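Protein chains: 2
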Amino acid sequence: MRLAIAQINSTVGNFEGNLSKIKAAVERAKAQNADLLALPNNALTGCPLDALTADKRFEATSRYYFDQLGSLQFPIAMGHNGHAIIITNSNTEACNSIKLNQEQTMTVVGDSTALPPSTPNTLVIETCSTDYPHFLSQNTPSTGCRTIRVNMVGGNSSHLYPGGSTVYNAIGQPVQQLALFAEDFALIDTHAIATAQPIPTSNKPRIAMLHDALVMGIRDYMAKSGFTQAALGLSGGIDSAVVLALLHNAIGPKNIRVLLMPSQYSSQHSIDDSLAMVRPLGIQHDIVNIAPLFDTARQSLSDIFAGRPENVAEENIQARMRGVLLMALSNKFGHIILNTTNKSEAAVGYGTLYGDTNGAISVLGDVYKNDVYALARYINRNGEIIPQNIIDKAPSAELRPNQKDSDSLPPYDVLDALLYDLIEGGMSSSELKQKYDSATVERIVKLVWRNVYKRAQIPAALWVSAKPLTAKPLPLVNSWLP
Amino acid sequence: MRLAIAQINSTVGNFEGNLSKIKAAVERAKAQNADLLALPNNALTGCPLDALTADKRFEATSRYYFDQLGSLQFPIAMGHNGHAIIITNSNTEACNSIKLNQEQTMTVVGDSTALPPSTPNTLVIETCSTDYPHFLSQNTPSTGCRTIRVNMVGGNSSHLYPGGSTVYNAIGQPVQQLALFAEDFALIDTHAIATAQPIPTSNKPRIAMLHDALVMGIRDYMAKSGFTQAALGLSGGIDSAVVLALLHNAIGPKNIRVLLMPSQYSSQHSIDDSLAMVRPLGIQHDIVNIAPLFDTARQSLSDIFAGRPENVAEENIQARMRGVLLMALSNKFGHIILNTTNKSEAAVGYGTLYGDTNGAISVLGDVYKNDVYALARYINRNGEIIPQNIIDKAPSAELRPNQKDSDSLPPYDVLDALLYDLIEGGMSSSELKQKYDSATVERIVKLVWRNVYKRAQIPAALWVSAKPLTAKPLPLVNSWLP
Chain A
158 MRLAIAQINS
168 TVGNFEGNLS
178 KIKAAVERAK
188 AQNADLLALP
198 NNALTGCPLD
208 ALTADKRFEA
218 TSRYYFDQLG
228 SLQFPIAMGH
238 NGHAIIITNS
248 NTEACNSIKL
258 NQEQTMTVVG
268 DSTALPPSTP
278 NTLVIETCST
288 DYPHFLSQNT
298 PSTGCRTIRV
308 NMVGGNSSHL
318 YPGGSTVYNA
328 IGQPVQQLAL
338 FAEDFALIDT
348 HAIATAQPIP
358 TSNKPRIAML
368 HDALVMGIRD
378 YMAKSGFTQA
388 ALGLSGGIDS
398 AVVLALLHNA
408 IGPKNIRVLL
418 MPSQYSSQHS
428 IDDSLAMVRP
438 LGIQHDIVNI
448 APLFDTARQS
458 LSDIFAGRPE
468 NVAEENIQAR
478 MRGVLLMALS
488 NKFGHIILNT
498 TNKSEAAVGY
508 GTLYGDTNGA
518 ISVLGDVYKN
528 DVYALARYIN
538 RNGEIIPQNI
548 IDKAPSAELR
558 PNQKDSDSLP
568 PYDVLDALLY
578 DLIEGGMSSS
588 ELKQKYDSAT
598 VERIVKLVWR
608 NVYKRAQIPA
618 ALWVSAKPLT
628 AKPLPLVNSW
638 LP
Chain B
158 MRLAIAQINS
168 TVGNFEGNLS
178 KIKAAVERAK
188 AQNADLLALP
198 NNALTGCPLD
208 ALTADKRFEA
218 TSRYYFDQLG
228 SLQFPIAMGH
238 NGHAIIITNS
248 NTEACNSIKL
258 NQEQTMTVVG
268 DSTALPPSTP
278 NTLVIETCST
288 DYPHFLSQNT
298 PSTGCRTIRV
308 NMVGGNSSHL
318 YPGGSTVYNA
328 IGQPVQQLAL
338 FAEDFALIDT
348 HAIATAQPIP
358 TSNKPRIAML
368 HDALVMGIRD
378 YMAKSGFTQA
388 ALGLSGGIDS
398 AVVLALLHNA
408 IGPKNIRVLL
418 MPSQYSSQHS
428 IDDSLAMVRP
438 LGIQHDIVNI
448 APLFDTARQS
458 LSDIFAGRPE
468 NVAEENIQAR
478 MRGVLLMALS
488 NKFGHIILNT
498 TNKSEAAVGY
508 GTLYGDTNGA
518 ISVLGDVYKN
528 DVYALARYIN
538 RNGEIIPQNI
548 IDKAPSAELR
558 PNQKDSDSLP
568 PYDVLDALLY
578 DLIEGGMSSS
588 ELKQKYDSAT
598 VERIVKLVWR
608 NVYKRAQIPA
618 ALWVSAKPLT
628 AKPLPLVNSW
638 LP
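Chains as they are written, first to last, in my numbering: chain A, 158 to 639; chain B, 158 to 639.
If you are wondering where the hints come from, they were derived from the structure by calculation, not from laboratory data. As the structure is a prediction and not an experimental result, all values here were calculated from the model. Watch out, some of these pointers could steer you wrong.
Since the list gives no way to pick one copy over another, a pair counts as held whenever it fits inside one copy or between any two copies.
35 Å max Cα-Cα, derived DSBU-like pairs, lysine-lysine [claimed, not checked]:
{"no.": "1", "residue 1": "180", "residue 2": "561"}
{"no.": "2", "residue 1": "592", "residue 2": "624"}
{"no.": "3", "residue 1": "603", "residue 2": "624"}
{"no.": "4", "residue 1": "590", "residue 2": "180"}
Construct the entire structure; sequences and hints are all you get.
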């Protein structure tokens with residue numbers, strides 16, 4: 158059989174757009190004399206569907222467009238509303254196991270469908286919407302059959318689908334893989350799978366995969382939400398520099414605008430390093446000193462704060478003034494604001510609510526600090542994009558004189574390892590105390606617990622781990638209207 | 158049988174505190190020669206448990222404290238981890254149907270347990286944790302048996318449990334009801350239920366119930382999160398006035414602090430009306446004019462905004478400056494900030510993100526605007542707490558000269574009715590267009606959909622409807638530490 162695979166990038170609820178992509182794939186499959194077109198799970202509706210599956214209005218719309226597929230008069234294998242099916246010349250004939258053009262039998266299974274009994278001659282088509290964290294940990298098929306795993310690609314809010322659809326022979330060896338993080342199309346001779354040469358699994362190194370996933374996530378979040386321009390505050394620190402580089406890789410320099418917002422506590426190197434990054438990239442940037450705003454706020458509060466020493470209240474005013482300026486830029490010109498909080502900070506609540514935590518999407522909210530550094534080194538692999546000084550200097554919020562992150566937190570190597578064991582590993586405090594200093598464990602576990610309220614107001618993060626802390630996936634703005 | 162009912166207010170994960178309450182109830186039951194003590198569902202763990210039920214560390218802690226109940230050597234009927242059980246002298250004998258002291262049989266059922274077959278002589282104990290919206294719509298028992306419905310009382314984050322445990326005779330008539338919105342204790346002679354005089358259902362009018370639920374929610378959120386002081390911004394409008402009155406009813410005037418933050422666009426009546434409210438109540442208040450902050454921000458942005466007309470960017474700067482000042486107060490003195498957004502605004506995104514939407518808990522985020530007015534009238538039922546002028550004047554954000562809510566939105570009577578049909582009623586756009594002006598329907602439905610992103614960053618709301626928009630319930634700060 159000649160099997161066409163279309164690894165498409167669907168948008169949740171954008172039925173017209175998704176149908177257009179499917180129609181184009183059908184035309185291409187027909188032109189290449191394919192017998193069947195295989196699509197990712199929920200190619201028509203987009204995914205994830207979450208609460209939409211329970212919405213009767215969504216179901217009715219979905220049914221209408223599903224009938225359009227039948228009217229294309231071309232066999233399509235796909236997952237739809239939890240069922241893996243084959244559509245022949247009309248949806249009324251949908252089934253999930255047929256004989257087609259010399260295949261003895263062919264079975265289509267979905268993400269969560271149990272594999273039916275099959276003979277070694279069965280061809281299995283897995284119609285998948287496996288997200289990034291699960292993609293990294295997925296097993297090769299153990300069906301004893303030739304298997305075509307057709308993956309969704311693209312970002313939908315927090316959810317990142319990496320693509321990389323794969324053709325496996327009957328002993329689970331990959332013999333062909335489609336593109337990672339991009340739409341792709343392939344025509345497979347299913348009878349040639351058994352004799353095809355196995356290929357190495359083509360996943361890139363972990364940090365390269367992470368980089369590509371985040372870049373795709375930014376690009377798709379913007380495109381699918383209707384944003385063409387993006388802005389962020391560049392502090393001279395590692396997090397905002399990495400977000401800027403990822404954004405630049407996603408959309409290029411032209412539609413980016415950056416604010417540098419020093420205060421009286423900012424080091425000269427924060428400005429110099431930031432300029433050293435944006436100038437070579439040709440990114441539009443403005444310097445707005447927040448000292449006048451900070452001073453006016455202290456003046457406004459002087460009666461109420463009389464006699465009280467400066468503390469975290471004054472520190473947070475600075476971060477929040479930066480948030481006010483960025484949001485004003487967004488409101489005036491229509492830029493989306495990217496949040497620059499990382500997962501280590503989000504876990505312990507190190508960052509100012511309504512200041513540092515602002516943004517429509519959190520790019521690094523599911524990335525530990527040490528991986529932020531690894532991303533920076535990866536971004537610089539072919540030359541310095543992020544100035545080395547930004548990577549080398551000690552992290553600081555610069556909200557008071559000579560402040561360093563290490564004044565409040567353990568070194569990031571310790572913090573990240575402990576957080577990883579706590580969050581990803583699910584270790585209890587007593588287990589953690591066997592690996593780490595007791596007082597540190599108690600302090601960090603308490604911080605993680607006490608800052609749930611802060612994380613609840615952080616924007617949705619791009620999901621790249623199995624245990625995201627900040628993600629609250631959202632329907633996309635341009636998505637289905639009830 | 159002599160049955161003691163303890164309607165207690167448990168805190169999620171506060172095992173020591175919950176166990177103390179149960180021990181006290183056991184002592185009281187013993188002192189009154191009770192044969193059995195009935196407790197609300199999850200009285201030991203608190204509720205809701207949500208993700209905690211899947212946490213092995215939580216389960217282990219829970220098991221430890223459950224064994225403590227067995228060691229009290231007194232029969233207890235309660236719901237625990239999804240099972241309704243009777244603990245006799247040790248947890249190993251836990252069951253849900255026994256004979257005890259002349260009862261022919263007694264069956265204990267939980268919130269989600271199907272009722273087992275029973276004879277008319279069975280005594281049914283329903284151990285419940287029904288939250289406020291479901292409480293209002295719950296049915297009387299139709300078991301054909303005497304039924305004791307033992308309800309949880311108190312607030313845990315968004316979840317409000319109204320109490321009001323009820324004794325029903327075998328034909329479903331209530332014969333006794335415990336307190337609403339407060340802990341209570343009663344001793345029932347189960348053999349006297351059949352001949353007891355039915356009572357009227359003692360639920361108060363809807364708005365009185367809503368008022369009491371919100372007051373309990375504020376009080377418990379603060380107490381269980383460890384806050385003694387609260388603050389909010391008083392604008393002179395209806396929403397902040399109602400939140401202040403509810404807060405006052407929850408904790409009294411002593412620990413409240415209010416900021417009045419007029420701008421150049423504020424009316425004199427906004428200040429006068431606010432002062433007319435706080436002065437008689439004896440609430441600490443300060444006036445901080447935000448004009449200097451607004452002017453400094455415009456000055457800071459003058460290069461970037463050069464040549465652009467003022468628009469929503471400048472409006473939002475004002476709301477965000479108010480947010481900065483309130484959060485500074487919170488950071489300096491430890492006040493919890495109460496959010497004053499209402500459900501109608503949240504639905505259509507009328508309000509400034511990181512400004513109006515700030516706060517740890519949203520008091521009115523699940524209350525439509527017209528119910529905010531109804532609450533104001535109820536609060537004033539015995540005399541003017543909220544100045545009549547605040548109730549009478551046209552709603553305005555006062556972010557530009559002569560602005561009115563009605564410039565951007567349909568009248569609240571229309572808006573609320575339409576939103577109610579859309580959100581609570583689940584009507585489609587085409588159904589809505591049969592009841593409302595087509596253009597209005599399209600505009601409002603689009604606003605509701607486009608502002609999902611904004612609602613996602615609004616703090617958790619107290620849940621008082623079946624279809625909350627903004628609630629993201631949080632574990633409480635003083636809750637269980639893993």
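Here's how the hints hold up against the structure:
1. 180 <-> 561: Intra 56 Å, inter 49 Å, cutoff 35 Å: neither.
2. 592 <-> 624: Answer is within: at 21 Å inside a copy they meet the 35 Å cutoff, but 45 Å across does not.
3. 603 <-> 624: both (18 Å within a copy, 33 Å between copies)
4. 590 <-> 180: between (58 Å within a copy, 33 Å between copies)
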